[in-house]
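Novice: Residue numbers (the UniProt record's numbering), protein chains in the order written: chain S, 1 to 409; chain Z, 1 to 409; chain A, 1 to 409; chain F, 1 to 409.
A few of these clues could be false.
Said to hold, decoys possible - Examples of chain A residues lying across from chain Z (beta carbon under 10 Å, computed):
1. 299
2. 312
3. 321
4. 337
No lab work stands behind these hints, which were simulated from the structure alone. Quick reminder that beta carbons are idealized off the backbone N, C-alpha and C, glycines included.
4 protein chains.
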Amino acid sequence: MSQSTASNKKVVLAFSGGLDTSFCVPYLRERGYDVITLFVDTGGVDDAERAYIEQRARDLGAVEHVTESGAQPIWDDVVVPLVIGGQLYQDVYPLLVSDRYIIVERALALCDARGTRVFAHGCTGMGNDQVRFDQTVRSLGDYDIVAPIRDIQHQHHAVRAYEAEYLQKLGHHVRPKTAKYSINVNLLGVTASGSEIDEFQAPGPETWQMCARPESWPKQPLRVDIEFERGVAVKLDGEAMPGPEILRRLNERLGAYGVGRNIYTGDTTIGLKGRIVFECPGITGLMTAHRALEEAILTAHQNGFKPLVAKKWVELVYRGFFFEPLKDDLEAFLRSSQTFVSGIVTLETAGGVVTPVAVRSEHILRNKGAVYAQSADWDAREAEGFIKLLGMSSTLSARVNPRRRPGQR
Amino acid sequence: MSQSTASNKKVVLAFSGGLDTSFCVPYLRERGYDVITLFVDTGGVDDAERAYIEQRARDLGAVEHVTESGAQPIWDDVVVPLVIGGQLYQDVYPLLVSDRYIIVERALALCDARGTRVFAHGCTGMGNDQVRFDQTVRSLGDYDIVAPIRDIQHQHHAVRAYEAEYLQKLGHHVRPKTAKYSINVNLLGVTASGSEIDEFQAPGPETWQMCARPESWPKQPLRVDIEFERGVAVKLDGEAMPGPEILRRLNERLGAYGVGRNIYTGDTTIGLKGRIVFECPGITGLMTAHRALEEAILTAHQNGFKPLVAKKWVELVYRGFFFEPLKDDLEAFLRSSQTFVSGIVTLETAGGVVTPVAVRSEHILRNKGAVYAQSADWDAREAEGFIKLLGMSSTLSARVNPRRRPGQR
Amino acid sequence: MSQSTASNKKVVLAFSGGLDTSFCVPYLRERGYDVITLFVDTGGVDDAERAYIEQRARDLGAVEHVTESGAQPIWDDVVVPLVIGGQLYQDVYPLLVSDRYIIVERALALCDARGTRVFAHGCTGMGNDQVRFDQTVRSLGDYDIVAPIRDIQHQHHAVRAYEAEYLQKLGHHVRPKTAKYSINVNLLGVTASGSEIDEFQAPGPETWQMCARPESWPKQPLRVDIEFERGVAVKLDGEAMPGPEILRRLNERLGAYGVGRNIYTGDTTIGLKGRIVFECPGITGLMTAHRALEEAILTAHQNGFKPLVAKKWVELVYRGFFFEPLKDDLEAFLRSSQTFVSGIVTLETAGGVVTPVAVRSEHILRNKGAVYAQSADWDAREAEGFIKLLGMSSTLSARVNPRRRPGQR
Amino acid sequence: MSQSTASNKKVVLAFSGGLDTSFCVPYLRERGYDVITLFVDTGGVDDAERAYIEQRARDLGAVEHVTESGAQPIWDDVVVPLVIGGQLYQDVYPLLVSDRYIIVERALALCDARGTRVFAHGCTGMGNDQVRFDQTVRSLGDYDIVAPIRDIQHQHHAVRAYEAEYLQKLGHHVRPKTAKYSINVNLLGVTASGSEIDEFQAPGPETWQMCARPESWPKQPLRVDIEFERGVAVKLDGEAMPGPEILRRLNERLGAYGVGRNIYTGDTTIGLKGRIVFECPGITGLMTAHRALEEAILTAHQNGFKPLVAKKWVELVYRGFFFEPLKDDLEAFLRSSQTFVSGIVTLETAGGVVTPVAVRSEHILRNKGAVYAQSADWDAREAEGFIKLLGMSSTLSARVNPRRRPGQR
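Turn these sequences into a full structure, and let the hints steer you where they fit.
Specialist: Here's what the structure looks like:
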């Protein structure tokens with residue numbers, strides 16, 4: 001379709017088939033690029049949609065379209081460290097749009113393979129994804145970033161209308177925007193924003209996507225066993241399977257009970273408040289089970305400090321710094337902490353919430369009886385000594401520098 | 001009953017009517033004390049039990065029995081800072097046995113009122129409560145601590161059997177221990193431990209106390225509005241009421257939907273793992289609502305740092321340091337942070353989990369339109385500049401000190 | 001000089017008399033502003049320079065020139081919380097250019113007094129001061145920011161040459177740039193950058209400003225007593241005096257011994273590395289003394305946690321967030337922590353470094369003898385119990401999950 | 001001397017030749033032990049003293065005496081991670097008595113080699129070393145700890161007098177205690193405590209040990225180059241040498257200029273305040289140089305977070321948790337952070353303080369010119385965008401929830 005010539009510059013475009021990235025193809029061609037579209041399948045589409053995306057790319061004039069599966073990298077580079085870390089952004093949000101990093105990383109690998117240093121994305125200049133895209137590119141090498149939507153925002157305000165008109169003029173169909181919410185789906189989960197969600201009001205029923213609504217939760221509670229090896233989930237109900245398959249099944253099984261749905265307002269990288277509804281049954285199950293295992297196995301010192309490390313990991317990933325050196329350092333810590341985090345956790349849900357009802361592991365920190373009698377038992381006198389010395393500093397302060405007591409207010 | 005004489009030493013005993021504190025009364029009398037029993041009602045008993053406790057104290061030979069309500073101090077000194085802080089011990093546990101601090105504080109006030117410096121408690125030398133009791137006493141003044149159960153543990157191993165026999169010899173009835181679990185109830189919630197919980201296995205149905213079991217959750221979802229003023233809950237569904245009443249009603253209403261139940265393994269002060277089931281519908285509702293309000297109102301800097309402060313508060317309170325000077329400093333921070341945390345949050349539950357579906361407040365950080373146009377709007381070029389400079393250090397590092405990419409592994 | 005009319009817009013310009021702010025005056029006049037110049041004296045100039053600045057402003061056509069002393073606000077709002085906090089940026093740098101915040105705050109107060117919402121500053125678009133200026137303005141109200149130097153950088157590259165030429169064309173003298181280094185002096189200290197400092201090489205002798213060079217350090221050691229009340233220095237060698245006077249005298253006396261000089265490379269807000277030489281004898285003396293006092297008076301819990309709070313304060317102040325709400329919250333903590341931080345510290349220096357050789361205070365946490373015998377003494381058996389329980393979690397881990405020993409590598 | 005029999009229990013005693021450990025030998029023999037004395041030379045003694053210690057052990061009846069050098073393990077396991085971490089206990093103290101961990105570790109290796117599970121040490125029940133000794137033993141295996149001095153403290157108060165008398169009765173000479181201070185020397189440095197130091201008064205001249213007094217500092221400044229590879233010092237002034245030799249030479253050369261001396265009051269593990277004078281010229285030089293290198297090489301994110309990790313490392317090591325699993329995790333982070341920390345730092349001192357005057361490394365984060373133009377340069381407009389978005393949250397807060405300004409107080 002496209003009249004590629006040897007002299008044309010190549011560009012790899014991260015392509016989803018939506019309005020923004022569809023616009024990018026002819027826009028880039030017009031500027032003399034041979035456009036290679038890459039769709040990284042991160043778990044949000046079915047076969048029909050995947051075929052549509054490929055056809056759409058060709059229709060729009062891409063010289064080449066590539067489809068890659070992002071499932072395994074998402075598991076390895078996002079899910080595993082997230083679950084091991086055990087922390088959420090602002091204590092609530094599990095970084096559900098982190099598939100962006102995988103998409104960019106795959107796109108730059110394609111740039112390298114096709115011999116170009118030009119990468120294009122369809123992010124706007126108003127959102128947080130542009131931070132993730134741009135910074136990932138800069139962290140992975142010296143590539144040119146072309147961002148057509150951001151470029152046209154320099155001149156145009158009603159950008160989406162402009163894009164639609166532009167495409168239609170060129171004879172391309174534009175799917176009408178019908179959805180009330182801006183919804184994003186991938187293997188990690190679903191996010192929904194827009195409309196009354198932005199107004200801090202209660203979201204409508206269309207925001208239930210991976211999670212079944214309460215009226216359809218099964219009557220019988222569900223139990224599921226997750227087995228971890230050094231912090232990584234490896235089996236579901238005793239059956240070994242690849243990580244992405246574990247996550248997919250948990251999304252289905254726990255999603256049927258409405259597990260992992262929440263609403264929160266985040267401080268976005270760009271500085272504004274962003275309120276979203278999100279659903280992530282599988283991630284919630286994995287994190288709940290992993291936490292229960294760690295609580296039983298890690299030392300008090302480890303349980304006390306590790307959250308600080310994991311919180312920083314979450315913050316870096318949220319803010320676009322997926323390939324920042326500090327993240328490597330944090331992951332070295334996290335990996336080390338998992339040496340003994342192996343065992344099986346039984347989760348149970350009757351709807352809404354999932355609870356880790358049982359934990360089996362040979363690594364649980366408990367006194368296995370007389371063998372350790374000398375070092376792990378104590379008597380009342382030792383306890384008294386412990387309490388006295390543990391509180392020495394506070395006690396001395398109470399004597400030397402007494403404060404008013406609440407009863408004396 | 002007791003033959004008090006002017007020369008007898010007085011002791012104030014924190015008294016619950018259970019085996020341990022019942023034992024303490026004659027034990028202390030035998031050692032020459034006039035025993036004043038204090039029952040601080042922290043919300044775990046009904047009128048009948050309260051009357052039983054009073055009668056029990058007299059039967060055992062207390063020279064005086066005092067009953068006090070601990071509800072308001074629990075609200076003021078535990079619930080309010082806990083909810084404002086928004087953090088949980090090990091990210092999970094809301095400090096449900098913190099009523100101990102109120103009990104000791106009230107007991108020492110009674111010591112002062114009755115002119116004695118001797119305080120007695122029924123803690124054993126094996127648990128964590130003794131840390132809370134002893135340290136609180138030492139932080140509040142120079143009192144003598146008498147701990148009869150710990151004392152007899154110096155000689156006896158089967159302490160509870162010894163206590164029962166001792167009481168029966170003196171003609172006092174001993175309630176048979178029938179409960180499978182060790183259960184603790186107060187206004188804050190319920191904890192259960194023992195039996196298969198200690199074995200990291202699934203807990204039995206008797207551990208459902210404040211929370212209704214799934215089969216009896218109402219069919220209709222529940223919505224409830226909580227109004228906060230400077231971080232403190234003041235109204236429920238528009239009706240102003242005292243804090244303890246808000247908590248009681250939330251315990252009932254959310255408990256009917258099974259909200260706030262969890263199982264976790266904690267690193268206890270004494271150094272062992274302690275696994276418990278706990279239920280706290282009201283605290284869960286308050287914390288969920290307060291968090292949703294703060295997410296919308298505090299700055300990104302505040303939301304980013306405040307958790308560290310609140311986590312330290314939680315750790316101090318868990319470990320017995322309720323009257324440590326650092327806690328005052330932390331609370332000064334927390335109070336300051338609440339200046340604008342006023343507004344109404346609508347919670348919704350259909351069972352198991354509670355979600356903050358709506359937030360109303362004039363303090364939400366959002367651009368109220370053209371008025372703030374200059375400072376709070378930006379264009380695509382500014383966003384590009386932001387991203388470039390925000391990532392400058394990471395980008396320079398990628399240029400100067402490139403690391404292997406995941407794709408190159 | 002300037003022909004002001006009622007219709008002219010007024011602007012308050014933060015004015016130092018240097019090239020950049022001199023350029024701003026006619027530049028702003030050309031754009032129809034009546035320029036009110038404000039020089040906030042933060043301690044870096046003598047009387048002659050102050051008079052020159054005033055004359056310069058009038059020569060350049062300012063409709064009004066105002067000189068204000070910034071000494072007391074610098075003490076109250078920068079020095080006091082910095083010393084109380086006890087932390088440095090990147091553990092090294094004491095925020096010596098924080099006088100910027102005072103300058104802006106005073107300038108906006110002058111805007112209010114003169115009835116204008118327009119504020120101008122002479123920062124370039126390359127440095128970090130622009131962040132401090134702009135953000136302070138935005139945090140203090142809805143003012144317009146005019147930044148002429150940044151504006152001309154949109155068109156011109158050799159900005160300083162352009163400014164000089166522009167001024168000379170208008171008949172204004174331009175001081176030749178002779179200094180090898182970019183040097184900044186105020187009450188807080190001196191910073192020097194540029195030339196071989198930027199090249200990570202050893203700085204030349206002109207970088208010794210407040211600090212005497214080693215060859216001229218006095219032979220006799222110096223001792224000086226600083227008295228603090230609730231964390232604030234109030235007396236020097238027993239003599240009460242205003243804070244700024246304490247700082248001035250310490251700069252002189254400790255500067256004669258070369259105290260408080262260092263070189264460091266900072267991660268600047270703008271994302272680049274910035275290497276500077278700095279000298280701050282007085283701040284160093286105050287912080288050393290205050291730390292010694294706190295070490296003796298605060299509890300172990302306070303000493304352990306307070307640095308985290310103070311580090312965040314330092315980071316906010318470094319990065320431009322002097323009026324961010326979180327800073328208020330942090331200061332509430334810091335203030336609370338100083339309740340008992342009163343006493344006298346004797347500093348000693350023989351050159352290069354200052355040491356807190358003695359501390360006197362009634363608040364030092366030490367056992368005052370038999371009075372506290374019960375609560376603050378312990379015996380060997382209690383110590384053994386303490387050690388056993390303190391290490392319980394680690395010990396259990398060593399039993400259950402043994403790791404290889406270094407000797408077994 | 002000792003009549004060892006096959007049936008006798010063996011014990012390995014950490015032996016220094018001082019009063020306490022001398023007492024232990026006959027005390028243990030009396031209780032039926034064959035005593036194997038181990039002297040781990042951690043750098044505090046000369047050849048004569050080493051020979052004395054060996055002879056002393058034999059005189060006291062040890063069945064075997066072993067001398068081991070602790071220099072290399074101290075470098076590898078204490079100095080390297082301490083310098084890489086870059087943090088000090090309470091921001092001041094570089095853990096100078098951490099040789100204890102090496103001593104215990106070597107002693108337990110000797111236990112294993114000699115086939116015994118019994119280890120003895122001469123710590124008292126009043127100090128902090130007992131925590132380090134006991135916890136290290138428990139973390140390294142299931143050994144019996146015999147602590148004769150602590151044991152006799154159960155009965156005796158004037159313990160040192162009792163020990164002296166006991167030894168003299170057995171015909172052993174006891175060195176008279178003449179030292180005013182309790183002084184501890186090893187490769188890491190010197191600590192002094194006791195007498196007026198405990199009273200928070202100025203220490204006497206005998207506390208100057210490794211550091212020359214100011215009157216004898218050389219007139220000429222000293223420059224020394226330290227080269228690091230991945231964070232570890234490997235060369236001094238261009239000459240490769242083993243780590244312990246680098247440290248020894250730096251102790252000498254910087255000690256001649258009085259570098260690395262300080263006084264501080266620490267919150268000890270046991271809960272009391274402990275005031276000491278310490279001197280560590282070499283550690284101070286290494287840490288100063290390493291910090292200067294890291295400031296230039298690590299990213300802003302790394303420099304911002306790494307101190308938290310290193311502070312926890314320091315706290316664990318101070319408090320006795322040298323073999324706690326968390327320490328392994330922290331060291332995995334620290335190691336990872338050093339990937340590019342290679343280069344040469346020039347230190348300079350003229351007395352009292354040492355300054356990193358120059359840094360050479362190919363890893364310094366600076367823009368190497370046009371090559372990186374696209375990603376690391378910016379213009380004024382981009383800077384404005386950066387500032388606006390960086391401050392967005394603060395600015396919105398200032399608009400929506402204005403606070404009183406200081407000028408409006």
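Novice: Now look at each hint and say whether the structure bears it out.
Specialist: Status of each hint after checking the structure:
1. 299: holds, 5 Å
2. 312: holds, 5 Å
3. 321: holds, 7 Å
4. 337: For residue 337 of chain A, the interface hint holds, since the closest Cβ of chain Z sits about 5 Å away, which is under 10 Å.
Checked against the numbered hints above, the structure violates none of them.
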